[in-house]
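Undergrad: Sequences listed follow chains A and B, in order.
Anchor point for the first sequence: position 621 equals 621 in the numbering used here, and the numbering is continuous, going up by one each time.
Anchor point for the second sequence: position 272 equals 272 in the numbering used here, and the numbering is continuous, going up by one each time.
Simulated from the structure, these hints should not be mistaken for laboratory data.
Incorrect hints may appear among the rest.
Heads up, the list lumps identical chains together, so a pair's fine if it works in one copy or across two of them.
Claimed, not checked - Result set (DSS-like, lysine-lysine): computed pairs, CA atoms no more than 27 Å apart in a straight line:
| # | residue 1 | residue 2 |
| --- | --- | --- |
| 1 | K355 | K110 |
| 2 | K110 | K354 |
| 3 | K217 | K355 |
| 4 | K355 | K222 |
| 5 | K282 | K231 |
| 6 | K231 | K384 |
Since the structure is predicted, the reported quantities are computational estimates derived from the model, not experimental observations.
Number of protein chains: 2
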Amino acid sequence: MTTVTALAGRIPVTRLTPAVPDPRWHPKAFEGEVVPFRATVFREGHDRVGAMLVINGPSGVEQRHRMAPLAPGTDRWEALVRLDETGEWRWHVTGFDDEIATWRHDAGVKIDAGVDVELMYEVGARLVERAAAETDRPRAVRKRLTALAGALRDGEASPADRRALVDAPVLAEFDARPLARLSTDSPEQRLLVERRRAGVGSWYEFFPRSEGAKRQKDGTWKSGTFRTAQKRLDGVAAMGFDVVYLPPIHPIGVTNRKGPNNTLDPGPGDPGSPWAIGGPQKDGSAGGHDAVHPDLGTLADFRAFVRRANQLGIEVALDLALQASPDHPWVAEHPEWFTVLPDGTIRFAENPPKKYQDIYPVNFDDDPQGIFDEVLRIVRHWMKQGVRIFRVDNPHTKPLAFWERLIGAVIADDPGVVFLAEAFTRPAMMQALAMAGFQQSYSYFTWRNTKAELEEFLTQVSQETADFMRPNLFVNTPDILTEYLQFGGPAAFTVRATIAATAAPLWGVYSGFELFESVARPGAEEAIDNEKYEYKPRDFAAAEAEGRSLALYLGILNRIRAEHPALGQLRNIRFHASDDDSVLVYSKHLDGRFTPDGEDDTLIVVANVDPHSVRETTVHLDLEAIGLEAGARFEVDDLVTGSRWEWGPSNYVRLDAFTRPAHILHVRRGSDA
Amino acid sequence: MTTVTALAGRIPVTRLTPAVPDPRWHPKAFEGEVVPFRATVFREGHDRVGAMLVINGPSGVEQRHRMAPLAPGTDRWEALVRLDETGEWRWHVTGFDDEIATWRHDAGVKIDAGVDVELMYEVGARLVERAAAETDRPRAVRKRLTALAGALRDGEASPADRRALVDAPVLAEFDARPLARLSTDSPEQRLLVERRRAGVGSWYEFFPRSEGAKRQKDGTWKSGTFRTAQKRLDGVAAMGFDVVYLPPIHPIGVTNRKGPNNTLDPGPGDPGSPWAIGGPQKDGSAGGHDAVHPDLGTLADFRAFVRRANQLGIEVALDLALQASPDHPWVAEHPEWFTVLPDGTIRFAENPPKKYQDIYPVNFDDDPQGIFDEVLRIVRHWMKQGVRIFRVDNPHTKPLAFWERLIGAVIADDPGVVFLAEAFTRPAMMQALAMAGFQQSYSYFTWRNTKAELEEFLTQVSQETADFMRPNLFVNTPDILTEYLQFGGPAAFTVRATIAATAAPLWGVYSGFELFESVARPGAEEAIDNEKYEYKPRDFAAAEAEGRSLALYLGILNRIRAEHPALGQLRNIRFHASDDDSVLVYSKHLDGRFTPDGEDDTLIVVANVDPHSVRETTVHLDLEAIGLEAGARFEVDDLVTGSRWEWGPSNYVRLDAFTRPAHILHVRRGSDA
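Pulled out of the complex, with its shape left as it was, chain A reads as follows (with noise of 0.2 Å):
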């Protein structure tokens, strides 16, 4: 530890990010990212320093980015750049000595005070003809630079011509390629670029089953089917969303099986929770993670449903439930991939006392190569029937070390597989599985519902863990019916798919949402009737005709987000101020360097949290944080209604949560007077 060699670089260069809090893995980031890569970059006394950013794609091109400081004191610096290919990039930080600047500065401040002003005017020539000398800078630069030397020589000038010099156009070509004496590397670092839907996604999920089942005379159901399912594809599509999540479409136990609104005793016609993996097929033989339940068809009309989706612009997301029914495969064939009690029986899943006996929890230990080996077998038979995504079921009840391996070996074969979290537990876990390999994890989205709580939480996942953890913000699911949803009324749904459509680039939404389907089970939270163990048909289009559906205004957004790069992106959102503790205000920018039409791309979102009032405040906007300068007077177009206001720094809203409860406003560019 008594370092005699100095580990400091010359110009020290550290704290560079994009990075994670466990130096074991690497920071990630998805196709079209716009990644603040920062340094501290400093010197000793007070000559400058420069900081260039050299970072290298996956198909070995370099780019060089002058970094610029950011705020005064901290010796930070930044370059933005988007990412425009998937795969591993490499980059690094040089810190130099920037000569030039410090000449420029200290003889600025020299001549005007006509102290060493000769003395400062050849430090200049020898520095641009020392310039002038490197080969591999253009030779008209270099002719340019030879002439700037001989005229701040030139002691005839006028005293004004000589001293604009050291101001010269000429020395604009130091930004790019600077004149640098002492310079330092920093580490070579690496980042994971992902493919585009790893970060940016609209998803809708919906149980197949539901999709055509019909109460037969009898008061039986019959089943829906893919092929029934297909046709709300169209529905799905027509609301804008990209990806559709299905519950496991495997055989379903029946042993223990559960009863509507999660009871004992279910009825012959219960369908059983789809989590309940393994059961038995037509052909009466056990089916676990690998095949199709019966009542849905086959797998060919499975692949049939896929195709249709991808026709339709959308993927199809798989569920991935390490669990097994008393009646998989598995129990009979691996007992030891599940936990043998001293009495010879199989532990159920439980939190003790209570138990869940229609599911066996996988035992990762007693042969993990094997259950490593099957699981990979089944994404791999998934993969070849068409399905890249995977929605994994409670990660966190399985071991780090295990999902690390797997997607590890999944990315291996296709990087391209997206691999979704739901680890509804502690950070430390959830944080963890995002570093070892998740692309995307749930948050605790539906639990921040008011505006401080909102900000806190959107401030967390766009700032702090931004480099290795994607949120989805999902605004329910068959699990989360919040207190927010079941007594807000429509108005509540409004303001929370407004929020997670525009704060975050994935979102998802359960089916039943549009609908405004509010009522929970008595003491819990999820909905009554669930879905998990009910056949639910929906009628979307008799609601939407009636007006009691949110479909159009799903759209809407997804329409929106389409149109505006600035949406696509997690790290840009940015809070404003407002008068009301109700009324949150946040902004997404993009500059016109990352847009594909050169303009810039500002969203200003204002929404009344509060789904029982109406709120009139004043909106406070930090402009300088979206492009425009203080003070300016603007226009914008409200995206939902088509209506156009003159906007500036402080500005009138009034917020009915019974007929609009939110604003997604777009800055007219050029209308800044």
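Guided by the hints, dock chain B onto chain A, whose structure is given.
TA: Same frame as chain A, now just chain B:
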């Protein structure tokens, strides 16, 4: 990057601290420091984890400490360890599946609920049998475990007796030596423990030339010498200081010497600034950093000064100021150690357009090895004279890597050498100097005067940066006389000394503070007629006799520091509430496990930081933070006045700036009822 083998262990262990922000360097502690070792340890599912700190001292002795969980939900675990051996420690954390804890929890709940009763006893019996089979457990323990297994299986026992076995005393065996099936060792960590003086000390700074300086009849001055200055050491020792820091003791330049109050036209008798190093010696030759100013005496006199100090329990710290007057021998012999300008002159220190013509800054880049060798030679020269502490002047104006290399080379010879960084600069450089080797750092303390500022500052230095940076809380310096002291009167001096001496284990005073010297040079933040440019003999005895001195109080502060081990720790400060924005309240608490007498040592400091008022308010203590029960009542002794009060959760205080602006209270143990 596609990991097919997992980097996560079976039981994830992440985010280990102590740690430094830049992983090139390692954290450090000082001898006797009680260090919180922490890690995030978690696992999948509901089963219990445990965490064990395994720590190896430099002499190879391994300690194992069971870690305790911190705040619920954080998955953070901690063990506090006092490090009593200097040198490099190595440590790691083992996370493990705590089967015994899981069983005790599950069995307790399930047996009480009448679920799986026999099964749970059998599971427990098998666990303790497994432990009993481990041959490295003591024989007696193994016998007791075997007996327990039998008892657990004894269906004839009374249900209550059998149920009690789940909490059988022998199970405490597993606290120290768990029954661990799945476990993971974190990567090995390193921690450098430096000698105690690196982290604990009371510094006193004085100019030896002032002590014993006399104005002659002709109006000129006769300089003080090491021999006359030596007499001051008794006074310093009486105040309880244990480090005396001397400004540079080398010959002072004549060329462009500064006059009184930093003027440019000194009189013939003006002594010049000791930081303008390099000037004539007695024989007329030029002396530099290895020479003693002829007015101060000889090298032998210096050694005698050091010896006398050591006899009084005081170490002598020298200044290391790497700059040269134009008369320094380096200038003629090694112009390559300076910056030579195009006109052939050597560049002065400057802040354009201002120049400091009494000093040439060193150039570390033109002959880096030469200047390094020279500075190392100088440091070793003073080490040979008995110096093991260096106060480094403006290290932030020299390359970070230079210091890293220099300190590395010095501590390779003598790990006990301490360097204090006088880097009043931005956080990036300050922190990097500490990470790269400096054992102590001046801090922003002098500019943190309000209650809110002090709470933020002290929290930062004691919590956020304590793994690598140790603040030395100087109350003043020859360069710093804050407005708070200029205008706060004696109360300001009393309060600042109280806080500096008790809030951190390193503090410092520059001579004259005890005399309430408070007149600044107009427009400057430093004393008028600054001792940097003049002789300034002080009559400490007369001031004390006339009651115009804080010397007695400084002595009390240092006595309290010596008597209370809680004050010898940096990280143990906790803030408590008061109802007054100017009444600062903090405690320093050290558990009896870590004190010499085995008793908890707890101090409560209450300070009125408004030096112009009398404040009456209520102080609200977080009693659990200081090892007391919520709601406890207990006695406190005022360590300054000897008063005793009964205190509890909320306490009235009256702090009169004009008589007694602060309390230092000690909690009497055993007094809590």
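Undergrad: For each hint, tell me whether it holds in the structure or not.
TA: Quick rundown of the hints versus the structure:
Only between protomers do K355 and K110 lie at most 27 Å apart by alpha-carbon distance; the minimum there is 10 Å, versus 81 Å within a single protomer. Taking CA atoms no more than 27 Å apart as the test, K110 paired with K354 passes between copies only; the shortest distance there is 9 Å, against 80 Å inside one copy. In this assembly of identical chains, the alpha carbons of K217 and K355 never lie at most 27 Å apart, being 36 Å within a copy and 100 Å across copies at closest. Taking the shortest Cα distances, K355 and K222 never come within 27 Å of each other, neither inside one copy (31 Å) nor across copies (92 Å).
Within a single copy, K282 and K231 get their C-alpha atoms as close as 24 Å, which meets the 27 Å cut-off; across copies the closest is 103 Å, which misses it. Proximity of K231 and K384 under a CA criterion of 27 Å is satisfied intra-copy only: 23 Å inside one chain copy versus 90 Å between copies.
Violated hints, in rising order: 3, 4; the structure is consistent with all others.
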